[in-house]
Amino acid sequence: MSDPLQHMLASNAQWAEDVLKSQPDFFEQSAKGQSPHTFWIGCADSRVPDSVITAARPGEIFVHRNIANQLHLDDHNVLSALRYAVDYLGVQHVIIVGHTECGGAAACLGAAQSPTLNLEEPAIATISSLPAESALNRWLEPLTRLAASLHLSSIPHAEALPVVVEENVKIQVEHLANTQTITDAWTKGTRKGQSVWIHGWVYDLHTGRLRDLNISRGPPGAEYPK
Numbered sequence: 001m002s003d004p005l006q007h008m009l010a011s012n013a014q015w016a017e018d019v020l021k022s023q024p025d026f027f028e029q030s031a032k033g034q035s036p037h038t039f040w041i042g043c044a045d046s047r048v049p050d051s052v053i054t055a056a057r058p059g060e061i062f063v064h065r066n067i068a069n070q071l072h073l074d075d076h077n078v079l080s081a082l083r084y085a086v087d088y089l090g091v092q093h094v095i096i097v098g099h100t101e102c103g104g105a106a107a108c109l110g111a112a113q114s115p116t117l118n119l120e121e122p123a124i125a126t127i128s129s130l131p132a133e134s135a136l137n138r139w140l141e142p143l144t145r146l147a148a149s150l151h152l153s154s155i156p157h158a159e160a161l162p163v164v165v166e167e168n169v170k171i172q173v174e175h176l177a178n179t180q181t182i183t184d185a186w187t188k189g190t191r192k193g194q195s196v197w198i199h200g201w202v203y204d205l206h207t208g209r210l211r212d213l214n215i216s217r218g219p220p221g222a223e224y225p226k
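Taking the UniProt record's numbering, I'd label the letters of the sequence shown as residues 1 to 226.
Watch out, some of these pointers could steer you wrong.
As a list, the in silico DSS-like pairs of lysine-lysine whose alpha-carbon atoms are at most 30 Å apart [as the list claims (entries may be wrong)]:
# : residue 1 : residue 2
1 : K192      : K170
2 : K32       : K170
3 : K21       : K32
4 : K188      : K170
Keep in mind that the hints were calculated from the coordinates and are not lab data. Fair warning: this is a prediction, and the values are worked out from it, not measured in the lab.
Required output: the full structure, derived from the provided sequences and hints.
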């Protein structure tokens, strides 16, 4: 086994010991079930670990992460996790979380700024070294098309990337609002009776701070939970 993996195992053992010292019944209680307040849909980037950057405890946040924090309306993975989180775990909040210096967003911006980009093609190769029909390119194509629609070709990449990151979060929140799970929650209510709110945040790698984009939405007429 490689040294990094040995380090992970040793760190886990130390963490478990520390938790038991401060809260002896923590794991026993945790094993009985979970009641997270939030479903976090974020980027798979290793620099944005949800529980670390929010100082959350196990059981507080239900998580789905993928490249560039996408919510594709034909992605059964995220849609099933969303349904489970809202209907069976009773989460009150669903947050799309993007981050600065996102590699996926940067790749899509680079492709969008390329003079060779042809949006009329049935499939776009965001990563030119891979076939357009490859899994990674198919995943990134909607974001590349979004980046192209922002008309950023004359703007330096470093200035344009934050725009793509933020607009990406906004469009994913829009997708989230259009899922069957959220429309059901807002029009018919939820199995557990909770109101569900959706949000868009961006994590700044340079400061370690999360920023609320103030695009939150909830059920018609509902008051935001305090």
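Next on the checklist: Does K170 sit within 30 Å of K192, going by the straight-line distance between their CA atoms?
Outcome noted: Distance of about 28 Å is within 30 Å: holds.
Next on the checklist: For a C-alpha distance cap of 30 Å, please report whether K21 and K32 respect it.
Outcome noted: Given that 30 Å is the threshold and the Cα spacing comes to 20 Å, the pair holds.
Checklist entry - Between K32 and K170, does the CA-CA distance stay at or below 30 Å? => result Distance of about 36 Å is beyond 30 Å: violated.
Checklist entry - Is the Cα-Cα distance between K188 and K170 30 Å or less? => result 25 Å, holds
Violation of the numbered hints given earlier is confined to hint 2; every other hint is satisfied by the structure.
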